[in-house]
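Peer 1: Going line by line, the protein sequences match chains A and B. Going by our numbering, 96 is the number at position 96 of the first sequence; the sequence numbering is gapless. If you want our numbering, it's the position in the second sequence, counting the first as 1, plus 1000.
These are calculated hints, taken from the structure and not from any lab test. Source: prediction; values computed, not measured. Hints are supplied without guarantee of correctness; some may be wrong.
Listed below are the simulated SDA-like cross-link pairs for lysine to any residue, each with C-alpha atoms no more than 20 Å apart in a straight line [stated by the list, open to error]:
| hint | chain 1 | residue 1 | chain 2 | residue 2 |
| --- | --- | --- | --- | --- |
| 1 | A | Lys-59 | B | Glu-1069 |
| 2 | B | Lys-1211 | A | Phe-24 |
| 3 | A | Lys-59 | B | Val-1093 |
| 4 | B | Lys-1111 | B | Ser-1242 |
| 5 | A | Lys-113 | A | Ala-95 |
| 6 | A | Lys-59 | B | Thr-1066 |
| 7 | A | Lys-59 | A | Ser-134 |
| 8 | B | Lys-1111 | B | Val-1144 |
| 9 | A | Lys-84 | A | Ala-111 |
| 10 | A | Lys-59 | B | Ser-1242 |
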Amino acid sequence: MATIVESRVDALDDNPVAEQSELFLASRRFTPEEYMRMAQAGILDDDERLELLEGMIIKMMVRKPAHDECILNVDEAFRPICPKDFHLRFQMAVALQDSHPEPDCAVIRGARKRGANRFPGLNEIELVIEVSDSTLRRDRGIKARIYARAGIPTYWILNLEERQLEVFTEPTGAVDKPVYQKCTIHKSDAKVALALGGQSLGEIAVADLLP
Amino acid sequence: MRTNESPGKRAGRERVDLTHCRRRRKILCEVSPVAPSYRTMAIADFPNVSFNLPADSPELRSRRFTVDEYLRLIELGILRDDERLELLEGLIVPMMTRLPPHEVSVRLVSKALDRLLPDGYDLRVQAPVQLGTSVPEPDCAIVVGDTRRYIDHHPTASEIVMVVEVSDSSLRVDRTTKSRIYAAAGIANYWIVNLPERQVELYSDPTGDVKTAAYGRSANYRPGDQISLLLHEHELAPIAVSDLLP
Chain A
1 MATIVESRVD
11 ALDDNPVAEQ
21 SELFLASRRF
31 TPEEYMRMAQ
41 AGILDDDERL
51 ELLEGMIIKM
61 MVRKPAHDEC
71 ILNVDEAFRP
81 ICPKDFHLRF
91 QMAVALQDSH
101 PEPDCAVIRG
111 ARKRGANRFP
121 GLNEIELVIE
131 VSDSTLRRDR
141 GIKARIYARA
151 GIPTYWILNL
161 EERQLEVFTE
171 PTGAVDKPVY
181 QKCTIHKSDA
191 KVALALGGQS
201 LGEIAVADLL
211 P
Chain B
1001 MRTNESPGKR
1011 AGRERVDLTH
1021 CRRRRKILCE
1031 VSPVAPSYRT
1041 MAIADFPNVS
1051 FNLPADSPEL
1061 RSRRFTVDEY
1071 LRLIELGILR
1081 DDERLELLEG
1091 LIVPMMTRLP
1101 PHEVSVRLVS
1111 KALDRLLPDG
1121 YDLRVQAPVQ
1131 LGTSVPEPDC
1141 AIVVGDTRRY
1151 IDHHPTASEI
1161 VMVVEVSDSS
1171 LRVDRTTKSR
1181 IYAAAGIANY
1191 WIVNLPERQV
1201 ELYSDPTGDV
1211 KTAAYGRSAN
1221 YRPGDQISLL
1231 LHEHELAPIA
1241 VSDLLP
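Same shape as in the complex, but just chain B:
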């Protein structure tokens, strides 16, 4: 079914001049749920063509990579050392450019945690961890064992007690994809230091399998609040939220 019959239509043939369609294109772009680089084309450019496609019409499905494939791409130099990348559920994603407040907060969090860590734990800062089909680089991770334990592998799910992401523009991904990845790995504690809203979000009680994984419990702490952290049986001294925010 066509919308807008063209006046030039004859004998099953019609010619559409697209130069007059700019306005319509713009409007359609705004309502299209499809992602930016794709939306300008798919629906808008040929307004006289029917686009009443089913809502679940297949979108592009990306070839995803396993952790081994990802590490080989790095080894082969196809992904270069100087690229800042993470593997998230099989997708290779460049990391956001970090702004000064982010760097300050990462330093504040790492100082606060490092001071309190009991023996038998180590703190890693902006270093990769290996979880299922993901190799994310959390801003901080508390892992078991000492530093040299990780000379031949990145920490894996059972070795990680807590991860922290400092969030500015990455908040959405940190609350969704990253949260699902960390919950699926069963990491007991996940903190988001939410810079725009000036709060620290604590997630705990991970449940579910790879697809449905989520943290069952969350709590938001604001400046003035104190956070107490339990690492296995070790209860750490309270941490002031105001010490973590820039």
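If we strip away everything but chain A, and leave its shape as in the complex, we get:
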């Protein structure tokens, strides 16, 4: 005889969160080319705030005022000292192996060329910065892996929650499990030495960057 189970079946044995993340991780990944084609075809709308992270099309978080203020602080601190053979980009995409993230700030090698009509790519990025309030897990996790895979020499997380600057260096490059091998934490009373492409540019007070 069949066993009749009268209770609702949704209580089976499974955790819906785990189930979601399992399906999500198993989902079809997209190449940067496919991602751009989708945008061109209008399937991804211009007003959607998305990033391609390791082939997954991910919604970006809503930014809070403190986040924006921190970006302005970075702009103010960097602009006067940024050498001529580098330029700054804010909240714009960079084209990496399997990802098109939009770091809050990127320091790009070379002066800005008008009409370049492309995203900065591998070997063109000296430093990326993420301002992290609600995105800390994402920034220390998948973003760090993406930037380490791309071999971006330095990655900063401005951690607003803990009021500190986390400096990640020595990326492994495109290995099986890319990581930054060194992490230095600068609390809000510290100063951080800034160097771009081997040129020392002096020190920035962490407090000047935090909102």
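Fit chain B to the supplied structure of chain A, relying on the hints for placement.
Peer 2: Quick look at chain B alone, frame taken from chain A:
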């Protein structure tokens, strides 16, 4: 708050050498509830950094696709014809590789059902159906009308009387996501032919809206049992469970 103060700490600055952290990383990986490709990084790699994040700290939220967007991706060739994919609640998911027992069971189920179908119904095998924000491909589906009715569209919720999934490695998804999708569409009968446990699970009485949908009633049938199936007012001859299992 930091765990493990580094000995090199001075004046608000500390340097962490991560090459000595492999053991800790491994342990943290095992307990982390985060999914595999993500977990090795987020928590484990920087053990001297505080990771006491709130439990509900936002994870990655994927951009989901509508059925129209999904069909356009196929039309544009961004998703290729030779890819075996399903749209499940807006996520595009590759289907599992099917093993021989699965194929045998699909054939057994389709033969058993095809033989019993009354006039006015058709059987579709491993063909897509279109439901809400999903385009799954059940192993079998009993639909209303004749074959040519579906020349210009995939069967939709009101046209489907029953779906069957033959489950080996897909059991978890079949019992959770797929069950929710079929229940939300109001499909009256959902069978899982559970190969690892050698039983047929019958789900009926779908209830709830898109988020809470579930089948209200389930019954497990084992070899030796007979299943009787009611399609609208048609009662079909009993089907032996042993005829469905490979």
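Peer 1: Now look at each hint and say whether the structure bears it out.
Peer 2: Cross-check of the supplied hints:
no.	hint	in the structure
1	Lys-59(A) / Glu-1069(B)	holds (17 Å)
2	Lys-1211(B) / Phe-24(A)	holds (17 Å)
3	Lys-59(A) / Val-1093(B)	holds (18 Å)
4	Lys-1111(B) / Ser-1242(B)	holds (13 Å)
5	Lys-113(A) / Ala-95(A)	holds (17 Å)
6	Lys-59(A) / Thr-1066(B)	holds (15 Å)
7	Lys-59(A) / Ser-134(A)	holds (13 Å)
8	Lys-1111(B) / Val-1144(B)	holds (18 Å)
9	Lys-84(A) / Ala-111(A)	holds (6 Å)
10	Lys-59(A) / Ser-1242(B)	violated (47 Å)
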